[in-house]
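Student: All chains, please: the whole structure from these sequences, using the hints.
Quick note, the sequences are listed as chains A and B, same order.
Those letters in the first sequence? Residues 39 to 254, by the numbering used here.
Those letters in the second sequence? Residues 39 to 254, by the numbering used here.
Think of the hints as simulated: they come from the structure by calculation, not from any bench.
A hint or two may mislead.
Same chains, same label: a pair holds when it works inside one copy or across any pair of copies.
Stated by the list, open to error - The calculated lysine-lysine pairs, modelled on PhoX-like cross-linking and capped at a C-alpha distance of 25 Å, are:
#	residue 1	residue 2
1	Lys-41	Lys-98
2	Lys-89	Lys-60
3	Lys-64	Lys-145
4	Lys-64	Lys-74
5	Lys-74	Lys-60
6	Lys-191	Lys-240
7	Lys-42	Lys-98
Since we're looking at a predicted model, the values are computed, not measured.
There are 2 protein chains.
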Amino acid sequence: MRKKADKTRARIMRTAGKLFAKYGFKGVTVRQLAAKARVNQAAINYYFRDKYGLYCEVVKELVRSFETQPAQYWEERLQAATSFADLEVLLGEYVDAKLASHLQILKTEERWRQELMMRLMMEQDELLRSIPQWLEREMRIAPELFRRLSPEKDELVYRLADIHLMGQIFFYSAAEGAVRSFLNYTGNWDDLLPRIRELVLKSVYAYLELQWQGRN
Amino acid sequence: MRKKADKTRARIMRTAGKLFAKYGFKGVTVRQLAAKARVNQAAINYYFRDKYGLYCEVVKELVRSFETQPAQYWEERLQAATSFADLEVLLGEYVDAKLASHLQILKTEERWRQELMMRLMMEQDELLRSIPQWLEREMRIAPELFRRLSPEKDELVYRLADIHLMGQIFFYSAAEGAVRSFLNYTGNWDDLLPRIRELVLKSVYAYLELQWQGRN
Numbered sequence: 039m040r041k042k043a044d045k046t047r048a049r050i051m052r053t054a055g056k057l058f059a060k061y062g063f064k065g066v067t068v069r070q071l072a073a074k075a076r077v078n079q080a081a082i083n084y085y086f087r088d089k090y091g092l093y094c095e096v097v098k099e100l101v102r103s104f105e106t107q108p109a110q111y112w113e114e115r116l117q118a119a120t121s122f123a124d125l126e127v128l129l130g131e132y133v134d135a136k137l138a139s140h141l142q143i144l145k146t147e148e149r150w151r152q153e154l155m156m157r158l159m160m161e162q163d164e165l166l167r168s169i170p171q172w173l174e175r176e177m178r179i180a181p182e183l184f185r186r187l188s189p190e191k192d193e194l195v196y197r198l199a200d201i202h203l204m205g206q207i208f209f210y211s212a213a214e215g216a217v218r219s220f221l222n223y224t225g226n227w228d229d230l231l232p233r234i235r236e237l238v239l240k241s242v243y244a245y246l247e248l249q250w251q252g253r254n
Numbered sequence: 039m040r041k042k043a044d045k046t047r048a049r050i051m052r053t054a055g056k057l058f059a060k061y062g063f064k065g066v067t068v069r070q071l072a073a074k075a076r077v078n079q080a081a082i083n084y085y086f087r088d089k090y091g092l093y094c095e096v097v098k099e100l101v102r103s104f105e106t107q108p109a110q111y112w113e114e115r116l117q118a119a120t121s122f123a124d125l126e127v128l129l130g131e132y133v134d135a136k137l138a139s140h141l142q143i144l145k146t147e148e149r150w151r152q153e154l155m156m157r158l159m160m161e162q163d164e165l166l167r168s169i170p171q172w173l174e175r176e177m178r179i180a181p182e183l184f185r186r187l188s189p190e191k192d193e194l195v196y197r198l199a200d201i202h203l204m205g206q207i208f209f210y211s212a213a214e215g216a217v218r219s220f221l222n223y224t225g226n227w228d229d230l231l232p233r234i235r236e237l238v239l240k241s242v243y244a245y246l247e248l249q250w251q252g253r254n
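Tutor: Here's what the structure looks like:
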């Protein structure tokens, strides 16, 4: 029975993710959700309390799906990094992990994830306006890395650099088609990745007023 | 009569813009377009030939609405710029113009413009896959500016720097709400603009492997 319940819950979330991506939180009714997920409305209330509860779970799972490593992994790596060189290597690894997870999602049938993420950002979403606790921990990693790489800046710079980093990675992965045609690029997308990676790193260094030496 | 026809045409385009932004090209039927714009389907065919013709006109007007100056203005400024300092000033002005037009749109009731632009990029749009001629002229400006600022790079770098520039400006303007909450920033958005402007410029310089000296 437990297994069946898990399956139902997962099916509701998956269906909801696709619908929220396409029509937004307000554009989807519980009735539509139930019909598409082949459950009755009571099931949605049972598993998620209400539409908002379901939405929060979908967003949580969405953000997790873009993580290759849990926050704890990066926290431990940060603690272990003692030199500037360690921190640079760590930044390179962090960029690789983010790029890989975003591009991975594009290669699956999970394109709705990019769309829901975009919608979250575009719609000045209530959920994002007050950052939930579980997301805050994740959001401290990159600023802490930047702070240690370039300690003299003010807090706003570290947060802007983080947004800049994520925005770029998101843009390159979500808008692959547009980027391709703007670049007039017909080659293999994977061949372009080292270039994009380098440019992402260079521009983060520029934000932090450091000179990128290609050590990561 | 001419005036009435212009008004009808404009109303169809405006209605279509909002619908395409919300549901995408495939998600809207001619019947829905006609009903929402309060015209009959024949009127749409009369003014735009078909749904695709209407779509192309909407996108063309959309891109134009993000331009503060026509391509010719920038071409003339590029020709008039003879020194590196001239080019730096011109780049600053270009970034200002793009930032201003994107933010202007957010302050009006024209939010659908940001959404349609985002959709164009996300959906790997057919129209964007083969860049129309009128857009190509516009798209040559920034790469030419970058080429003259840093002549030794290869073409891909100039195009990537252009995408990077536009991506950043688009991201900061479209995702103001998300940026605010990520930054934990409650102040006046306009006060943040000089910081964003500086960071955009710094990162473009990093792409071009030039040192930003704050001369623009």
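Student: Given a CA cutoff of 25 Å, do Lys-64 and Lys-145 count as a within-copy pair, a between-copy pair, both, or neither?
Tutor: between (29 Å within a copy, 22 Å between copies)
Student: Is it within, between, both or neither when you check Lys-74 against Lys-60 at 25 Å Cα-Cα?
Tutor: Answer is both: 13 Å inside a copy and 20 Å across each meet the 25 Å cutoff.
Student: When no copy is specified for Lys-191 and Lys-240, does a C-alpha distance of 25 Å or less occur within a copy, between copies, both, or neither?
Tutor: Intra 17 Å, inter 15 Å, cutoff 25 Å: intra and inter.
Student: Is it within, between, both, or neither for Lys-89 and Lys-60, if the alpha carbons may be no more than 25 Å apart?
Tutor: both (16 Å within a copy, 21 Å between copies)
Student: Measure nothing new, just compare the shortest in-copy and cross-copy C-alpha distances for Lys-41 and Lys-98 to 25 Å and report within, between, both or neither.
Tutor: For Lys-41 and Lys-98, only the intra-copy Cα distance (21 Å) is at most 25 Å; the inter-copy one is 52 Å.
Student: Should Lys-64 paired with Lys-74 be assigned to within, between, both, or neither, using CA atoms and 25 Å as the limit?
Tutor: both (16 Å within a copy, 20 Å between copies)
Student: Up to 25 Å between alpha-carbons, please classify Lys-42 paired with Lys-98: within, between, both or neither.
Tutor: Answer is within; shortest intra-copy Cα gap is 22 Å, inter-copy 51 Å.
Taken one by one, the earlier hints all hold for this structure without exception.
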